[in-house]
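Novice: Each chain sits in its own coordinate frame; assemble them with the hints.
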Amino acid sequence: AQTVTQSQPEMSVQEAETVTLSCTYDTSENNYYLFWYKQPPSRQMILVIRQEAYKQQNATENRFSVNFQKAAKSFSLKISDSQLGDTAMYFCALSVPEKLTFGTGTRLTIIP
Amino acid sequence: SAVISQKPSRDICQRGTSLTIQCQVDSQVTMMFWYRQQPGQSLTLIATANQGSEATYESGFVIDKFPISRPNLTFSTLTVSNMSPEDSSIYLCSAASQFTTYGYTFGSGTRLTVV
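If you read the protein sequences in the order shown, they are chains A and B. Its first residue numbered 605, the first sequence is counted upward by one per residue in the numbering used here. Its first residue numbered 69, the second sequence is counted upward by one per residue in the numbering used here.
Chain B extracted, bound-state conformation (with noise of 0.2 Å):
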């Protein structure tokens, strides 16, 4: 299965400012994912990234909030825009060509601390 190389894996900013979360993926890939995991919960889909088109979010998401670009299929980032200490969370990105096989792999997530 595809391994998932996410960075940065850790970082704390400044409200107001933007933080940009990428993952390159060591093959290609038909699918990839974005997360949002709160302290001590679940995952939340954030948005399907699609290869060169505009990503699908999921309700309650927004591009102007996240936006996300997948220049390729083994590429993608995903941008926190404008943070809020409410954006404080693990984001994970997740990949998957046969998943049916593999099933989905993740990235080591990234630690997002907004102060």
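So here's chain A without its partners, still in its complex pose (with noise of 0.2 Å):
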């Protein structure tokens, strides 16, 4: 069976700061892959960022970036120079292959 671990609730940063969302996984499988989501109050589940566990380089974009320790089974979120329009709950999932594993979220506040 695959866990997820959020141990962060809740986490507030002022605008234009940068912010580390921390995730935890649990899998006996080798080939997977580490997703983090972001739902705002719209309820619309968004892609963030996506990392394949072979790859060894820590995925990009923009203002988004993961630190991916497989061995230690760690992937953080740190989303740099945050924005008003950031706040929102963000998920880590994890998917081995096909189905996902969902974490319990961090609501992130982002203060004017």
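Rather than coming from a laboratory, the hints here were simulated on the basis of the structure. Remember, predicted model here, so these are calculated numbers, not experimental data. Take every hint as true, because none was put in to throw you off.
Below, computed lysine-lysine pairings styled on DSS-like, alpha-carbon distance capped at 30 Å: (1) K659(A) with K674(A); (2) K659(A) with K682(A); (3) K674(A) with K703(A); (4) K703(A) with K75(B); (5) K703(A) with K133(B); (6) K659(A) with K677(A).
Sample of chain A residues at the chain B side, in silico, Cβ under 10 Å: (7) R654; (8) A697; (9) S699; (10) E702.
All residues carry an ideal CB built from backbone N, CA and C; glycine is no exception.
Specialist: Given below as structure tokens:
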């Protein structure tokens, strides 16, 4: 069975600052994918960033980057130059290889 | 990546009735899934909708309560049957084709309130 743990239920940061959201996971599989999804109040699940487990290089998408530590089973999300539109719930998710298992989420608030 | 149209976006239903939620994808996808998200909580997978065959349900979810159809590669429905207030949740469908490239796409969700 797969598990995903997000230990930060809520976080807040000033606009333009950098924030890091933590995620750890557990799986016995070698071939898997990790995702960060954002869910604003509109309920729409939006893919933020994706990481293939076989790739050592950390994924980057504009202001969003991950720190993928495979041995430690850690997958944190760093948001640089945070913006008011980044306010949302953020879910870490694991795919092995098809069904997604979600963490409990981190509610991120960007303060003007 | 695929775009999903999900409807209704919200509904208020009487206990004991049933509601059918529809998801239409704008392209053929190999995988479709249904999730439940209870207020303030994470997403829980209900079932995988299989094209042309019975859905595959996760532990704790049964076909009599959550019948699912997937008649083709672009459409699926979830019915919430004999509803009780405990069924009040957000229900989301998801689809993936080349998930290794695009990840999983989600519908905008259905907020169901049972009174």
